[in-house]
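Participant: Sequence:
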Amino acid sequence: MRLVFLILLLLPFSRANWIDYLMNTTTGIYFNSKISEFAEYDFLDLYCNVLTCCDDPNIHFKYHFLEREIKTLVFGQHLVSDVVLNAIKSHWLKENPQKALVLSFHGPTGCGKNYVAEIIARNAFSGGLRSNQVKHIVATNDFPDVRKINEYRISLRDLIISTVKKCPRALFIFDETDKLPAKLLDTIKPFIDYHPLISRFDFRKTIFIFLSNRGGSEIANITLENYENGFPREQLTMNHFERRLSEHAYNEDGGLKDSSIIFHHLIDHYIPFLPLQKEHVKSCIKTYLQKRRHDNLKPNVIQKILDSLAYFPKSSNAFSAFGCKRVVAKTDLELSKLGNDEL
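Under full-length UniProt numbering, the first residue of the sequence shown is numbered 1, with each subsequent residue one higher.
All the given hints hold, so there is nothing to weed out.
Here are the in silico distance ranges between beta carbons for each label pair:
1) S162 <-> D186: 15 to 25 angstroms
2) N86 <-> H264: 22 to 32 angstroms
3) R293 <-> S90: 35 to 45 angstroms
4) N150 <-> R200: 15 to 25 angstroms
5) E225 <-> P144: 32 to 42 angstroms
6) P144 <-> D82: 35 to 45 angstroms
7) N229 <-> Q303: 21 to 31 angstroms
8) T140 <-> F201: 23 to 33 angstroms
No lab work stands behind these hints, which were simulated from the structure alone. Glycine residues also receive a C-beta, built at the ideal position from the N, C-alpha and C atoms.
Can you make the complete structure from the sequences, with help from the hints?
Facilitator: Printed below as a string of structure tokens:
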């Protein structure tokens, strides 16, 4: 707590003068014996971990970490690795983008939509989802009463403006987009359109991500059809999905349907999250076991966990019905059954 207070005291000083200031000031925080150790810290980074900073975006946008995490922690989603990584990198590094970047994540439950959004947040902003510049909005929690639509529109508009007022770099994640009223989504439209300024602020450096299960059945059907025809999963491209996903956004009730965002073609990329196969679920299990420090379990234990999950279609059981969503619960249950000699 004292260190936080000290950082706040140092705000009027340039970073170049911080070390000199510490050397010549009695603070009562054990600096006499530790000053050389503290001098090695980047105090700007330390400050930015406590409060919100808004400086050169390259300082906080860790592209290589983002790339590594998506490629090593997100299983079975090669299209996500390709499109999302390049779209975010291109937008973030542009000095003057034409508009906000808008991504729409679609797919069955448990395939990584929320997880990828979280990975993006923590590699773009200090503090990740807890950053003041990241707003994670869940439809059923934040906007539960359709009768309050006008009140919600005002609060959403104020939230977006107040966030970007602090810093033009911001990330807005809308979970359960299919449960948002179209009129509420229309509130977002000016901020993601081709406007240089809205209410005197520039919103073109922001990123909006919509998460939805809508289109999940269509994605599953396309993936299954190609699987049964012997077409390699890794060779599926955006061309297999994007047109049909945009059609679903137009035609399925709820969320994006009837919103001006769709009519004005303001979504830059529709990203399909494919249903996971057993090999991907197995990777999820192994990753969780490593986190629990049980990565030396016998193969038959992992197989028991795999067998406890549901799959489709009945003819082949090739795909997980719930992705990796139930992996934690099923793994914890199986671990609780094991004796100490098996752990």
